[in-house]
Amino acid sequence: MTLEEKQKENAQWRERFLCALLCLSDRPVEIVTAEHTHLRASYHTSDSNFQRIAVSDLETPMGVVPHALLRSMDLISMTFNAPTFEKHGSTS
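76 is the number that full-length UniProt numbering gives to position 76 of the sequence shown; each next residue is one higher, with no gaps.
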């Protein structure tokens with residue numbers, strides 16, 4: 001594989017990743033922190049390196065935080081319910 005082909009492939013994977021993030025915007029997410037605290041929130045977006053994640057209605061043991069910016073290095077996992085897509089033209 002040439003360097004140009006590899007760069008094109010990487011760009012396609014990056015585009016797919018960004019499209020997936022767009023599909024997840026405003027969806028509920030379950031978060032586990034490095035301290036093993038389980039949180040719930042509504043995912044909004046992340047920065048280009050996925051180092052900071054913007055959420056709203058963050059449910060913590062201390063209460064609900066209306067808006068928060070989380071550092072990805074403080075998280076173990078983020079779990080989303082898979083979005084469902086309807087087929088165009090289906091007659092169900």
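Keep in mind that the hints were calculated from the coordinates and are not lab data. Beta carbons are placed, not taken as given, at the ideal position from N, Cα and C, and that holds for glycine. Check before you lean on any hint, since a few could be wrong.
[What the hints assert, rightly or not] Derived DEER-like restraints, expressed as beta-carbon distance ranges: (1) L75 / R14: 19 to 29 Å; (2) A20 / S56: 14 to 24 Å; (3) E15 / A54: 14 to 24 Å; (4) L69 / E5: 15 to 25 Å; (5) Q51 / C19: 44 to 54 Å; (6) F17 / L69: 13 to 23 Å; (7) E30 / L3: 33 to 43 Å; (8) E9 / T45: 36 to 46 Å.
For each hint, the structure was consulted:
Remark: the range hint 19 to 29 Å for L75 to R14 is upheld by a beta-carbon distance near 21 Å. Distance hint check: the CB atoms of A20 and S56 are about 20 Å apart, consistent with the given range 14 to 24 Å. Checking the proposed 14 to 24 Å range against E15 and A54 shows it holds: the Cβ atoms sit about 21 Å from each other. Range check, L69 to E5: Cβ separation about 37 Å, and the 15 to 25 Å hint is violated.
Separated by about 20 Å at the C-beta atoms, Q51 and C19 break the suggested range of 44 to 54 Å. The hinted window of 13 to 23 Å between F17 and L69 holds, with their beta carbons roughly 20 Å apart. As the Cβ distance of E30 to L3 is approximately 40 Å, the hint placing it in 33 to 43 Å holds. Under the hint 36 to 46 Å, the C-beta atoms of E9 and T45, about 25 Å apart, miss the expected range.
Hint compliance for this structure: hints 4, 5, 8 are broken, all remaining hints hold.
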